[in-house]
Amino acid sequence: MSSPTWEEFADLALRRIKASGAEYGDIRIQQSTTEHIQGEDRRIASIRHTEDSGFGVRVLYHGAWGFAASSILSLEEVPRVADLAVEIARGSASIAVEKVRLVEEPVHRDRIVTPVRLDPATVPLEQKTGLLLNTMEVLHDRPGIVRSTAEVWWRRDCKRFESTEGSALDFDLLATNGAISATALYEGRFATRSFNTPHLRKGYELIEETGLMQEAPRVAEQAFEKVSAPAVDAGAFDLVLDPEHLSLTMHESCGHPTELDRVLGYEANYAGTSFLTTDKLGSFRFGSRHVTLVADNTEPETLAATGYDDDGVVCQRWDIVRDGLFVGYCTNREVAPKIGEVRSRGSNRADGWGSVPIVRIANIGLNPGTDTLDQLIAGVKRGIYIEGHGSYSIDQRRYNFQFGGDAFWLIEHGKRTHMLRDVIYHGITPEFWNSCDGVADRTFRRRYGFITCGKGQPGQSGWMTHAASPARFRNVQVIRGEGHV
Amino acid sequence: MSAGNANRWPKMTGREEFRFLADLVFTRSSGDGTIVTLHDVHSGTTRFANNQVVQNVDTRRGTLAVTVAFDRRHGTASTTDFTAGSIHDTLARAERIARISPVDPEYLPPPEPFPFVARETARPETTAAGPARRLEYANEAIGHCRMENLLAAGVVSTTAASVGIAANNGLFGYEARADARFSLTVQAGDSTGWSAAAHRSVDHLKIQERTLAAIAKAKRGREPIELPAGPYPVIFEPAAVAGLWTWLMWSLDAKSYDKGTSPFAGRLGAQIVDDRLTLCNAPNHADLLGVGLTSEGLPSMPSTWIDHGVLTQLAHDRFTAKTHGVQDVPTLDAPVLSVNGAACGNLQDLIKRTDYAILVTNFWYIRTVNPIDLTLTGMTRDGTFLVEKGEIVSAIRNFRFHDSPLRAFQQIDAATGPMEAVTAETGKMLAPAMVLPEFNFSSVTRF
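Protein chains in written order, with this note's numbering: chain U, 1 to 485; chain S, 486 to 932.
Take a look, some chain S residues computed to stay more than 10 Å from chain U by CB distance:
| # | residue |
| --- | --- |
| 1 | Ala607 |
| 2 | Ala661 |
| 3 | Arg662 |
| 4 | Lys704 |
| 5 | Arg707 |
| 6 | Glu708 |
| 7 | His793 |
| 8 | Val795 |
| 9 | Asp813 |
| 10 | Pro815 |
| 11 | Lys874 |
| 12 | Ala899 |
Simulated coverage check for chain S against chain U, where a stretch passes if three residues somewhere in it have a Cβ under 8 Å from a Cβ of chain U:
| # | stretch |
| --- | --- |
| 13 | 546–553 |
| 14 | 565–579 |
| 15 | 609–623 |
| 16 | 844–854 |
| 17 | 859–865 |
Treat the hints as calculated values from the structure; they're not laboratory data. Here the structure is a predicted model, which is why all the values come from computation and not from measurement. Here a beta-carbon is modelled for each residue, glycine too, at the ideal position from N, C-alpha and C.
For reference, chain S alone in the conformation it holds in the complex:
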């Protein structure tokens, strides 16, 4: 299947081609400010269940969006048709909207040109990977499960993208990106085990290691006992930590902060979690999916958001950044959560030193219950266990939780260093496994 692939792959929009398309817009635009953005994405996913492929897809979608402003009236139009006629029509639509849209008091002209950092965001092995590579990985995971008489369900996906932003003030940024993802749920009768990976390089998905981990979880999850709902000490694996922290990160927006409708209202500069916790953005980290530029045309730079438990940063758009006097708008595309002075090397070490706790592999369907104190709910999933005297002694039925990360992470008993954390509902970050003294489980389900 690999032979002849060169003719199978579409040519992605290149830097100079994007510049040409943007110039097509700028030469005709009558707007005071004109911005052109590019998202040209080629992605493939091989999906398997019950130990065979159930879906195998390849999609290429190129989108060009034009935003035009007359004074502070603005409008945006987009197209997936990159012919000159269509691009001119897109510009005309954006201009038509902008001419009659109301004045937007928060409008800002395009960002000033910036020499964006060139990051290695598109690894050639990932860009070149096609359905044959995905099928090979899927088959490897399925094979391991078949040997154990278990059922595999999962995905192998690869994505290559050309992303760009240009404005009529000279702003120009372009970036080729690629990433690969693998996730697997192993079913052992009524029990499930799960593992996932995401990386810039398709060579770093660690299919065998991840598959064996999911198999071990599934086998250990058989015959769960039921424990009553209530507060328990917990050991969270990195994915469980990431699930909760993602919602915390999504709640950091400055507009809500200013309006008093944020769980952090009035707490900028105050301690919000354990004073050993630090949250950073690390776009240069080789194991994260950091980018060089944002969709607003701003650079992604290293920054600190929570410093030893103290909230030091809010999530700004350009308007709130201006009102707050923030010069460099911080981004959080490559989050790293770390615990200062973490003593334990890995998850097994955490388990060994724990006398009694619930071990949580992952959470599912996390949603906000109360945005005032950031109370969340969600379910444990794909590997929930009772730890006693340093060992996993039993699988337990899944719990629903009802708690706030702002309360739960006030005290950390122990933690590892940051590790890869990928979940189905969030992106990728580095987060430690952690032991917390108390987390509230509010009800139990049937499995």
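Extracted from the complex, chain U is given alone in its bound form:
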């Protein structure tokens, strides 16, 4: 006798949910395959191949949620879990005050597949480990380099979503990433310089196109230049921020405060709330006229462009900040109607079969401007050019932030000069974005992906991509990232 299909398991669960009298239910069955090869200090420290499969059932009963999940996919376990989800929802309903109402969404039947030129599962392991070992050797060729890392990662998610409303969606999604770093030691100090592909929904062609080994000499050289550079002097500087650095700034100061569940208090006990309260929608000046932030979950190859979210809502494109004005939130079917919206933005995602979907930051990006990078730098008398990610922290309402970076260069009289170290800048979110007076054009636009965005209790890791061209910010407070200042 052949094993039951995912469609048969889904049908079994949905029939139990419907029979319970619940107004809504869905099931996600998922199998995730991950390969992670990690190199460290000229050796392959770990090769892990992970198969993670299971299913999660979500039930809305009398306006309250229940969710149950299991890694055992069997004809006995599916009804147990479905019944448990109903039972939990009944418990939630017993103390519910405001009933959950889901905003309408058409029924969808579709199949989404990541276009891949080179499946990473078919690339010989020796080729990947050889690349990483050779790259680390190149990193260590530079005198002064004492530590190195090199890694290749990919994950394939095969998923089926079905709801009691009739939607049935199949997904076959892939994401790939490669990254390297070098740490230099100099006069008792150490500093690390990094480079990554970054995470995109592409195949192994991403690794080959990026050329980790070709970048290694530059990364090693800049690690040493960074550790031997003079420390920054605290004060006000103009900043020119590269796309990778901006991806984190946008994520923390624009992405999280525009998650509507946070705004409504759902995350008050952990990730926090938001200063972008609903009374500010359409009227609050978030940034200068140069700042237009667009959520685009339709852009090919980006992490949140999955065709449909885990509510079964079509991925969309919408404005978050338009010409500096705050105009949009990331929503799901539950929170969208709470601000009078008639359709979810389709930004409800779970990090796997065992997690319940929650509102997630979309692929929020900064729209390009008209300058070149040289023009942005030429307009700076005394400033700092920052690349990559470093230290980062922000308060629970997303006002007060502090960022470091991966590499810093002093700008003097319109020219990028030598490297600096220990640069940290801080500010208040809307003041910072209102100080933006220029964004480079589309030719400078780059995309960076996040796969470890923490939110929710139990904690989940969200995936999204942030794209930007370099941008300039005036008169930002910089401090030295060491000791007691």
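Keeping the supplied structure of chain U fixed, place chain S upon it in accordance with the hints.
Here is chain S on its own, set in the frame of chain U:
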């Protein structure tokens, strides 16, 4: 909702069942060294906000991982499917990786068999607690807040787990674990108050006591004044101390020490903090979440890491332990930070004897700014107050800090004994409330 629960709960992987699964691997494995690890976890969380349940979840995930080594080439594969066919496939994947992976100069064969200490890591009342118990606790916290016309947001969670490690040299360890957690943020308009608990026993979460504490914080936090950034004397509650010390503990790894990329480089055996501070691992402590065995298949034993301010221990993996000649690899799963000769009984006593200080309930979003001197940044959260002449005189707007625990804890003015310290971003430890003469706040936020 309690009736019929017996049919609702999945049967966790038992000791003998794990042994059977491991033997399925060993009988087929051609590796020189083969290790099987088990993580079978059943957890439930009831999450509430705005005084009602917003998320109520129950997840069971069993994972079996197989590591195979041929000489010093190794690979690991894992599965969540415990059928025989899947386990054989997992072994085959691990063997395939190991055969073609490069030689790892740091590979060590599986640890020798060890008679692991049996600790009471799974209390039956916690293992049996389900959504009904969680809902009862959530409702209790919400009820107290409703009576005060305040908003409650928080979680009640319970977790039961079967954890095991077995190797083809005879190593075998298995442990059932369980814990329960409660945390609550009370919103009083623009002000928030917070409290949290974690315990092996779901009966020891002290829901009412914790809820009333969070309510008191929230009410006292109204109408905060703004103070300028700068260095201040501080009173840290245990959670604030734990937030900073967790980052210190995470920075103790021996590999970084050896490479010169550690804030402690060259300081093993030297005084690194106030000479009254001692950091121990106490896995037998009834109020901590200590374990019997680690994921590497090593025992967790009592040990001292910082002895009267002197760094005596580094965090080793088996390879660095071997190179350092460390026989018993120390663990830090049940940390206790204590101040020798602490004179003050409780937090109120510390406040009463303080002339001027900032009282910090908790920190949020702590991150490393500079790994060389362990400069950290982060925000105060959910209860920051000005203390003058032995009393809390006002709430204050939250500060960002920029300082290193290695500098800040050089001198302690006063401290309590170790108390429960649980934060959202770290685990559980016992830590004192402390008065420090100076801590650097670098900027102020808007609330």
